[in-house]
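Peer 1: These protein sequences, in sequence, are chains A and B. Heads up: the first sequence runs through residues 1 to 425, numbered per our numbering. Heads up: the second sequence runs through residues 1 to 400, numbered per our numbering.
Don't read these hints as lab results, they were simulated from the structure. Yeah, the Cβ is synthetic: ideal placement off N, Cα and C, and Gly gets one too. Keep in mind that a hint or two might mislead.
[Stated by the list, open to error] Output of the computed footprint for chain A on chain B, the stretches with three or more beta carbons under 8 Å from beta carbons of chain A:
no., stretch
1, 94 to 107
2, 145 to 152
3, 205 to 216
4, 242 to 253
5, 262 to 274
6, 364 to 373
[What the hints assert, rightly or not] When the alpha-carbon atoms are kept at most 30 Å apart in a straight line, the in silico DSSO-like pairs for lysine-lysine are as follows:
no., chain 1, residue 1, chain 2, residue 2
7, A, Lys296, B, Lys91
8, A, Lys236, A, Lys296
9, A, Lys296, A, Lys400
10, A, Lys289, B, Lys89
11, A, Lys296, B, Lys89
12, B, Lys63, B, Lys356
13, B, Lys91, B, Lys356
14, B, Lys91, A, Lys289
15, B, Lys63, B, Lys91
16, B, Lys356, A, Lys289
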Amino acid sequence: MADTDHLGRTIVVVTGTGIITSLGQGQRENWHALTNGVSGIHRITRFPIGGLRTTIAGTVDFIPVAEPSAPAYAQRLAELVVEEALAESAIGRPGDFPGPLFMALPPVELEWPQRRALAAAAAVNDGLSYTDLIRAADRGHFEPWFERFLFGSVGEGLASRFGTKGSPIATSTACASGGTAIQLGVEAIRRGECDAALVVGTDASINPESLIRFSLLSALSTRNDPPSSAARPFSKDRDGFVMAEGAGALVLESLAHARARGAVVLGVVEGCGEAADGFHRTRSSPDGKPIIACMKRALADAGLAPDAIGYVNAHGTGTPENDRMEWVGIAAVFGERSGSLPISSNKSMIGHTLTAAGTIEAIFTLYTMRYGLLPPTINYDIPDPALPLDCVPNTARPAKVAHAISNSFGFGGQNVCVVLGFEPR
Amino acid sequence: MTIMAPDRDPLITGIGLISCLGEGENAHLAALDAFVPVIDETSFAPYLVHPMTNLALDTQIPKRGDQRQMEPWQRFGVYAAGLALDSAKAKGDPALLERMDMIVAAGGGERDYAVDAAILAAMPKADDPDAYLNEHLLSDLRPTLFLAQLSNLLAGNISIVHGVIGSSRTFMGEEASGADALYIACARIEAGQSEICLVGGSFNAQRPDAFLHDAMGHALWRGPFVPVWSREAQGGGTILGSVGCFLVIESRAHARARGVTPKARIAGVMTDRCRRAPGQAAANAARQIAALGGTAAASAVISAASGGAGATAEERSFLDGLGLPVRAASTALGNSVEPSFPAAIALAAMSIGRGKLFPPLEPAETPLEGAPAGLFVTSWGFWRGEATALVVPAQESGRG
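My request is simple: use the sequences and hints to build the entire structure.
Peer 2: Written as structure tokens, this is what we have:
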């Protein structure tokens, strides 16, 4: 077995994973729920939902955080999944990970509780303005918020805690971020800069404003009852995605390094492809060119023909547009196999974990191959005749998969596909 | 330092820079040669800001519909990206643009200040403040504002307006994100993972939420304008500046095949972090300078120091120890956070390209006679992140 791939590059393997979704904490809980068709989507209780069009989400409510905010949740979830991944990989020493950190993180900004506190400190009776808030900020003691709401703060916290090497890199390519973070890790190992890289995607930014922003773009499902039925990728009556939270971590390692230390290889990152879309801010090119290019580039990077792929972990958000365009892309890349190739959407159960989706779903794709079980697409009640695909409807299905592709397509036209393998070739 | 094949050298073949000093290379060099600070003292008094020069937006963002879909930080970035593509003779070449990579260093977008203020004023008086918030965010926020706020939508707009669609990555994390972007672009080109990449970012300093955030950290300079190093003696502080900066970086082989004249070569980019215990940042910087060939490799330093109290004091003392002439780019451009390092690299490449560093911007800086053999560019983030690059002449025989 060679340590290099079809282009003579270092083979990159996965030796540890950690995961949190609305289905639970850890590999076992998540995989059990995911393959039993359990939905993690529920009524929002984190904040009052009065007046909202969408009142459901896949929030992670079972991880306590002392001073809640999106970056605080994101960091805590990331810490827990990294701990799980490091324990499985048994790499490095506590607080001393032997490689760089690549993260998929949501953008950060001050939130309404902080704004309200600043407004209260400003103590203006009428005609409050940002000038008053700035004055209150300058006079008051809000230094912890200054650090907490810097874009670099989550990365700094993780790098500091886990002792990763060098500058932690945080990517935001919208819903493709998780894929981008994996690709950065793969590229760094292929360049020979490091033997291992820590990749983490984390997103826990469900608050009134973030929900309303997506709502105003008409991107969210409004099928609030029952919550578990809202995310219905590929169904004819799909009406949008469901926002969700979660985190996933992967320890990436060169095959040679993993073998030398006797680590268990959980899967291979065989190739990555990316392509941007210049068509529109929220819509894909109608010809599907960027999606097609993205999948083809990932396959070429992996040195695989489309025929080698046994499973597609779809982006599958459940918006009318995404699922249609994803099918256009899959049909173009896989030709006459498209209708019989299993293509399922984890988002039917965990919702759309946004920034973290690419890492979480790559991890589920690895489990799919490792355990020989295809997770279903639930809520598939009314097939869409325009999408004649095998979405593994409603019930998990045993299957031996040697190579799979995980798709991530983002608002703003950023697309990443990752090809994963069961074992080194 | 490893010797790499010259064909894989990352060269700067395009520069797009806009700031308070003007637009483009000539305007910046001319303004720096006869430096007069460009400051707006009133809009955010008692704080100062370096305001963006007037832009003829139509020249780089021809569709009004596109302009409307963006907030100022995105317009600055798309505009600067267009200048960089022009400068690299890449504009309007779809075959090239569709395989051009892109890495953007971005913060967040602007808010609707009137909506925020109105909600904050009314919330405490509402019967049910939380319901009031939900109701008014739903009815008062402009639906497309979200797209003008999302960090990755600067890159998205560059893809839409200029057609750069080979790949698109956005990095976040204040000053360090700009250094990370440069580092990854150069590393990918050296390793053959990329041939040509548009790298940079933009920052709109003329926005209340930027001041609000920095006011919480007591980071802002107040009072009359004082250059970066002199500010230090008076307690330090940062003056924000609006900047858009993009660079086209490509492999020597690719530039040669396209027949474009490179402006400079990036001989190396080093990035790191530390917890900023006393001496840690200086130790990072010392390692970086040593790895880039030591002080003999460069004739001077262009620093992107923010002016912020702790970091800039330590950086200054470190740079003094190098014994090289130093320029603080932020004295002229202001602190532009994400694009501050790319912008300092741009000033270095311009200086290298014309064979002359611009004169001192304040008495603490010393002149440099003759053409610089190389320029170090440093970035010590206000809070975190230390980076150093070495920019040298591009000619094929000029390997340092």
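Peer 1: Does each hint fit the structure? Answer for all of them.
Peer 2: How the hints compare with the structure:
1. Restraint check on the stretch 94 to 107 of chain B versus chain A: 3 residues with Cβ-Cβ distances below 8 Å, three needed, restraint holds.
2. A stretch counts as covered by a chain when three or more of its residues have a beta carbon under 8 Å from one of that chain; for the stretch 145 to 152 of chain B and chain A the count is 7, and the coverage holds.
3. Residues of the stretch 205 to 216 of chain B with a Cβ under 8 Å from some Cβ of chain A number 8, which satisfies the need for three, so the listed coverage holds.
4. Counting residues of the stretch 242 to 253 of chain B whose beta carbon lies closer than 8 Å to any beta carbon of chain A gives 0, which falls short of the minimum of three for the stated coverage.
5. Figure legend: the stretch 262 to 274 of chain B, annotated as covered by chain A; annotation consistent (3 residues with Cβ-Cβ distances under 8 Å, at least 3 required).
6. A count of 0 residues in the stretch 364 to 373 of chain B with a Cβ less than 8 Å from any Cβ of chain A is obtained; the coverage claim is therefore unmet, three being the minimum.
7. As the CA atoms of lysine 296/A and lysine 91/B are separated by approximately 26 Å, the hinted pair is consistent with the 30 Å bound.
8. The hinted pair formed by lysine 236/A and lysine 296/A meets the criterion: a straight-line CA distance of about 27 Å does not exceed 30 Å.
9. For the suggested pair lysine 296/A and lysine 400/A, the alpha carbons sit about 23 Å apart, so the restraint of at most 30 Å is met.
10. With a C-alpha separation of about 26 Å, the suggested pair lysine 289/A and lysine 89/B falls inside the 30 Å cut-off, and the hint holds.
11. In summary, the hint linking lysine 296/A to lysine 89/B is supported, as the alpha carbons are separated by about 29 Å, within the 30 Å threshold.
12. Of the pairs offered as hints, the one joining lysine 63/B and lysine 356/B is violated, with about 39 Å between alpha carbons and a cut-off of 30 Å exceeded.
13. For the proposed pair lysine 91/B and lysine 356/B, the alpha carbon gap of about 28 Å is at most 30 Å, so the pair holds.
14. A C-alpha spacing of about 21 Å is found between lysine 91/B and lysine 289/A, which places the hinted pair at or below 30 Å, so the restraint holds.
15. Taking the CA atoms of lysine 63/B and lysine 91/B, the gap is about 16 Å. The hint holds against a cut of 30 Å.
16. Between lysine 356/B and lysine 289/A, the direct Cα distance comes to roughly 46 Å. Violation of the 30 Å bound is thereby established for this hinted pair.
Of the numbered hints given earlier, the model fails hints 4, 6, 12, 16; all others are met.
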